[in-house]
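S.K.: What follows is the residue order along each chain.
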Amino acid sequence: MKYLALLLCIPCAWTQVLKLDHLDRLGSKAENSVNITLDSGLLNLAARFIPEDDADAAQVKKLVSALKGISVRSFEFKNAGDYTGADVDEIRVQLRDPAWKSVVEVHSKTEGDSNIWLKTLSGRIIGLALIAAEPKKLTIVSIDGAIDPEDLGKMGGYFGIPKSIRYKSGKDEDKK
Amino acid sequence: MIDFENQLRSALEREQPSEDFTRKTLVRAAVFKQAHRPRWRTWIAGSVAASLLAGTWGATQLEHRREQRAHEQLMLALRITSQKLQQIEKKVEGPHR
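Chains A and B, in that order, give the protein sequences.
In terms of my numbering, the first sequence opens at residue 1 and continues consecutively.
In terms of my numbering, the second sequence opens at residue 1001 and continues consecutively.
Because the hints were derived from the structure by calculation, they are not lab data.
Certain hints may be false.
Claimed, not checked - Taking lysine to any residue pairs in the SDA-like style, the calculated list, with each CA pair at most 25 Å apart, reads:
1. A/Lys62 <-> B/Arg1066
2. A/Lys68 <-> A/Asn44
3. A/Lys101 <-> A/Ser122
4. A/Lys101 <-> B/Lys1090
5. A/Lys61 <-> B/Glu1063
6. A/Lys101 <-> A/Glu90
7. A/Lys137 <-> B/Lys1091
8. B/Lys1090 <-> A/Ser108
9. B/Lys1091 <-> A/Asp87
10. A/Lys19 <-> B/Gln1073
11. A/Lys61 <-> B/Lys1091
12. A/Lys137 <-> A/His107
13. B/Lys1090 <-> A/Ser33
14. A/Lys109 <-> B/Ser1082
15. A/Lys101 <-> B/Arg1079
16. B/Lys1090 <-> A/Ala133
As the list claims (entries may be wrong) - Label-pair ranges, simulated between beta-carbon atoms:
17. B/Glu1063 <-> A/Ala66: 21 to 27 Å
18. A/Arg124 <-> B/Ala1054: 46 to 52 Å
19. A/Arg124 <-> B/Arg1069: 28 to 34 Å
20. A/Lys136 <-> B/Ala1054: 44 to 50 Å
21. A/Lys62 <-> B/Gly1046: 44 to 50 Å
22. B/Thr1056 <-> A/Asn44: 19 to 25 Å
23. B/Trp1043 <-> A/Ser40: 26 to 32 Å
24. B/Ala1059 <-> A/Gly85: 42 to 48 Å
25. B/Leu1052 <-> A/Arg124: 44 to 50 Å
26. A/Glu105 <-> B/Glu1063: 42 to 48 Å
27. A/Asn32 <-> B/Arg1069: 45 to 51 Å
28. B/Glu1063 <-> A/Lys78: 36 to 42 Å
29. B/Ser1051 <-> A/Ser40: 38 to 44 Å
30. B/Ala1054 <-> A/Ser40: 30 to 36 Å
Small disclaimer: the values here were computed from a predicted structure and weren't measured.
Don't be surprised by glycine CBs; every beta carbon is placed ideally from N, CA and C.
Excised from the complex, chain A in its bound form (with noise of 0.2 Å):
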């Protein structure tokens, strides 16, 4: 019985994509918005156009492959208050599932949390969610998909992947 519910969960943790649907209607608030949300066909689509002359594009178009999906939301508002501590606790009680981790999470009374997420499964990292609330901006990124950490430590130059959270993956767990 116990391994029948650990089958019918794998396939729920590779599925299971952030919702932030509800975050849309802060854009009519925000003076500026960004609202991204890219899934495979269109990861691929984009992928295309990522040259491979470059060592570190070719890492981001390797990484960008393995990607499920990118969805970003990002908002800048006129007034500290414009949005609500609801708003994000709709995101925190999807992350609150087992198969997420929290790697990071930073507190300051000036400029607000900062968290971010790793998805896991079988020590590898299949998700990256990450939230950064300041009074007067709000940004959710959720990236669903296989992240090698040995490719995020590649990034550094191009795509800026902090060395804090390649070391917070599953596979350095195991080593420990």
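Given the coordinates of chain A, assemble chain B onto it according to the supplied hints.
M.R.: The following block gives chain B in isolation, referenced to the frame of chain A:
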């Protein structure tokens, strides 16, 4: 009178067509058909060909624009992600420097 009958018989006598009669007939029939072909058919064929050509070109352009837009969005998404990750890293490292 007999002479006249002979002349008449000779005139009305069944004659074998020439060897290339069939070919000549068919060629003339084809030329006639070509000359009297309705013009609207040509116009419709031309319009269909032009529409297909325009449709193919349009679809290619649309696909190219979709690719370009997807690429721009991907780069923007990666840039925002990168910026935010670096900001968070700075915050994490800040107090311990």
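S.K.: Looking only at beta-carbon atoms, does the pair A/Lys136, B/Ala1054 fall within the given range of 44 to 50 Å?
M.R.: With a Cβ separation near 49 Å, A/Lys136 and B/Ala1054 satisfy 44 to 50 Å, so the hint holds.
S.K.: Starting from A/Lys109, check that the Cα of B/Ser1082 is at most 25 Å away, please.
M.R.: Given that 25 Å is the threshold and the Cα spacing comes to 23 Å, the pair holds.
S.K.: Straight-line Cα separation of A/Lys101 and B/Arg1079 no greater than 25 Å?
M.R.: 24 Å, holds
S.K.: Mind checking the alpha carbons of B/Lys1091 and A/Asp87 for me, to see if they're no more than 25 Å apart?
M.R.: Holds, because 23 Å separates the two Cα atoms, which is no more than 25 Å.
S.K.: How does the Cβ-Cβ distance of A/Glu105 and B/Glu1063 compare with 42 to 48 Å: does it lie in that range?
M.R.: 43 Å, holds
S.K.: Just to be careful, I want the Cα atoms of B/Lys1090 and A/Ser33 compared with a cutoff of 25 Å; is the pair within it?
M.R.: 24 Å, holds
S.K.: Could you say whether the range 44 to 50 Å given as a hint is met by the Cβ separation of B/Leu1052 and A/Arg124?
M.R.: Holds, at about 48 Å.
S.K.: For A/Asn32 and B/Arg1069, compare the CB-CB distance with the range 45 to 51 Å and indicate the outcome.
M.R.: 19 Å, violated
S.K.: Is 21 to 27 Å a correct range for the gap between the Cβ atoms of B/Glu1063 and A/Ala66?
M.R.: 24 Å, holds
S.K.: For a C-alpha distance cap of 25 Å, please report whether A/Lys137 and A/His107 respect it.
M.R.: 15 Å, holds
S.K.: Does A/Glu90 lie within 25 Å of A/Lys101 when you go C-alpha to C-alpha?
M.R.: Holds, because 17 Å separates the two Cα atoms, which is no more than 25 Å.
S.K.: With the threshold set at 25 Å, check whether the alpha-carbon distance from A/Lys68 to A/Asn44 stays at or below it.
M.R.: 9 Å, holds
The structure is inconsistent with the numbered hints 11, 23, 27, 29, although it conforms to all the rest.
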